[in-house]
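Asker: Hey, can you piece these two chains together into the complex? The hints should help.
Protein chains in written order, with our numbering: chain C, 4 to 260; chain P, 104 to 362.
Bear in mind the hints are in silico, worked out from the structure with no lab data behind them. We put the CB at the ideal spot given by N, CA and C, even for glycine. Certain hints may be false.
So the derived list for chain P, only partly shown, Cβ under 10 Å to chain C, looks like this [to be verified]:
id	residue
1	K154
2	G158
3	L159
4	F210
5	S257
6	D272
7	L297
Here are a few chain P residues that sit away from chain C, every Cβ distance over 10 Å (derived from the structure) [stated by the list, open to error]:
id	residue
8	V175
9	M186
10	R260
11	V285
12	R350
13	P354
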Amino acid sequence: MSFLAAVGRTFLNFLAGVGRLVIFTAVALSHCVRPPFYPRLIGRQIIDIGYYSLPVVGLTALFTGMVLALQSFTGFARFNAESAVATVVVLSVTRELGPVLGGLMVAGRIGAAMAAEIGTMRVTEQIDALTALSTSPMKYLVAPRLLAGLVMLPCLVVVADLIGVFGGFLVGVYKLDFNAASYLSSSWQYLETVDVVSGLVKAAVFGFLIALMGCYHGYHSRGGAQGVGAATTNAVVSASILILIFNYGITELFFAR
Amino acid sequence: MTTATPKIRLQGVTKSFGTKRVLQGIDLDVGGGESLVVIGGSGTGKSVLLKCILGLLQPDSGSIVIDGQETVGMRGGERIALMNRFGMLFQGSALFDSLPVWENVAFGLIQGRSVPRKAAKEKALEKLAAVGLGPDVGDLYPAELSGGMQKRVSLARAIATEPEIIFFDEPTTGLDPIMADVINNLIIKCVRDLGATALTITHDMASARKIADRIAMIYQGRILWSGPADSIDASGNPYVDQFVHGRAEGPIEMQVRAL
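Excised from the complex, chain P in its bound form (with noise of 0.2 Å):
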């Protein structure tokens, strides 16, 4: 279900670090409750693009609106009423493994929202049975879960303030498949659930299938093809077609050096 207006829309986004020009131009729209993937190889921008609309980057040039609102140079209370909305699943988890489990998830109530530790611990728990994970697993410390354990919790932190808009890094990625199906389908559940706007980057084609509205894809620095999720097989495009189907051969060259 998708709105006209877009929720997020970045036009002409440029980032370099130093001489390598990371994002080259980028143009995307995201309508309100619409869960966009973007896909692309290693080291072709993708975590950079959702760094710099999530504010973590500063973009070189070009403009990033969030409902309306040219979210580039915003800081202090704005920046920070501006993330409030926001939900983000970072590729490793990045869980505090100074906090337990509960805490992490229910950190964005406590320091952002100012909820009480007690209340914020009951909603922490809420969350972790939505992802699955019982109040025991609550006490525990990051460093004692599995691999897809942490990225439960890490879903169930990205929700707990139930934000407008949900950015996922690489959700399924270091996943054994079955893990990593789990992981897709608690993602469309818990953005159905909350009816949030996503943004999703994956290398993952099994992954990007399933969670996807839309797919765009990214390569060098600019979006090179979007469309429907179920168009993508029939995108007639060489370089989405190399991508899709894994081929070492076409347009796209790795770097490879001869032994």
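Looking at chain C on its own, in the form it has when it is part of the complex (with noise of 0.2 Å):
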């Protein structure tokens, strides 16, 4: 009895999670749309999600297509396929591994980050400052994070795009022996548009939930540093897994035949 009783509380408890995620949700989007808007703030959260996550999702991208490219030659030279390199790289960095492994590594910069700041600021009574001051904080502080990382995903993953076709490329030329322009035209030659518009539509869904999760373990830390410290990893471990789980949803909304 005791065992159907924790099951049910666990259970329980899941929902209430759940319907305090989708309120907070709710909440935070509604902020988004209403004045006044805080662009000074939004700015910063653009400056600091954007421009400082180029080098490490730069760098993951790179790499990122350079293995592929590698992986994909020596696999696919046991069936005479190698032609097959350059399609195979740019398909699988605009639709998958751009906009999953830029968000994984954003998840891991910046939802940390966003959970931590804000679940100081939660400890120390600063967001009860933010209200006592006539400030909502769902507005001062969720609302541009949300916004901002909505934008600045896409933006990282076009580059990350470029960059990891980019990598393939240097392997393919510079190792693989493929001449530059026709690893070039085979990249543009089965690029369609749905391709990289999948991947974007990807990176604008992982940076809303990214900045999402973020702000929503942040802003409901309780007790001092150890519970900062709790925000902080449910942050990263909840945008990732939900980063996988929404990256097959939207895979089946545009490609499920």
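Answerer: So this is what it looks like as structure tokens:
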């Protein structure tokens, strides 16, 4: 009986958590579209998320493209399909690896930072101080981060796509002895608009999810340093899991026949 | 100087967290222009009481009336308009560590009242001067200040919008006695200059005696006694006597486990 009670309690807690998250998301979204807006804060978040994440996302994309070219070449050589390397690299990077790996890297960098910053503000009563100064914490702290996440991750993924393809090109031309012009023309030949667009839609959704998880867990952190640490971990883990789940959903939406 | 109609009136305010009943029916009046200090031990519900009045927590039941207007359940624009009339000094100062000192002080003016940044900075430096801090402090960040300076900045922030009602949450906690007295003097000066109503919660009796017109004692979620500050030593209430004199023996029993 106590086992069933524990299962029931866990399930009810899970449902309550989902309910809290849905309400938080709805309130946060409503603040994104209602004035006053804080362009200065949105700008700061855009720089934090977009500009300062460029090195980590760029490096990830570069080495992903390089490894992909090398792996697909050695794999495809088994059935004489080496010529498909350029196409495989460009499709994999734009459809999947750019947005997913970029999203996961940004979740580790930005999701954690958001949860830690907002969580510290919560436990040091800075969020209460915002309310006491007639400023909505949802509007001042959460909305700018959500908007910046939504806008900046697609921008980062465009850069990641280019660098990823360039990484494949480097390995293809300088290590695997492909002709540079034919590698590039193979890359463009089979690339369709939907490949890039689906990757950018994924990036926008992932950017929103990363910011949402960072803000949500930070906003609800409790109990000092330990609570902030737990919020940071939860933000990164939940954002990473949601990225993988939503990645499947969006892929299904775009490409399922 | 107090007026007959209470500025703040609490009736039957209750608040629980799970099974823990923190406020068990608070009745309290604060007159206009009055400085009321609520004293009480740790965990008696002082901070919860303050947060309920401020609207940071929603009471489970009861009424909180400010200037004749019921504030429980107030939301949106009405709540923001009400908050614009408040100032608050938090226990841990709660300064925004991502903003320089002047912007902390000017925050309510810039965000709450849409004052241009330049004018708000001038006002902030004026308020910093009122709490004894020079303009050079304005460009520092809160982490670069001592605890006493942070309290002063927090006080400057609380009075920057010239509010009608100012709340002080443990204003002298964590300060040395001299700095605590400096803060007490500043509180008295600022409240008098503004003609504001002040509600302070503290367990520092020296502070309570100095800044209060009237003192109320909270114990187990209820107001146990209230009266003029100068009558606290003759309250005739054994709980108040024990608290005022800081005695371990008496009707208030601390939960201490034997080693």
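Asker: Now tell me if each hint is right for this structure.
Answerer: Taking the hints in turn, this is what the structure says about them:
no. : hint : verdict
1   : K154 : 7 Å, holds
2   : G158 : 7 Å, holds
3   : L159 : 5 Å, holds
4   : F210 : 5 Å, holds
5   : S257 : 9 Å, holds
6   : D272 : 9 Å, holds
7   : L297 : 16 Å, violated
8   : V175 : 16 Å, holds
9   : M186 : 4 Å, violated
10  : R260 : 8 Å, violated
11  : V285 : 22 Å, holds
12  : R350 : 31 Å, holds
13  : P354 : 32 Å, holds
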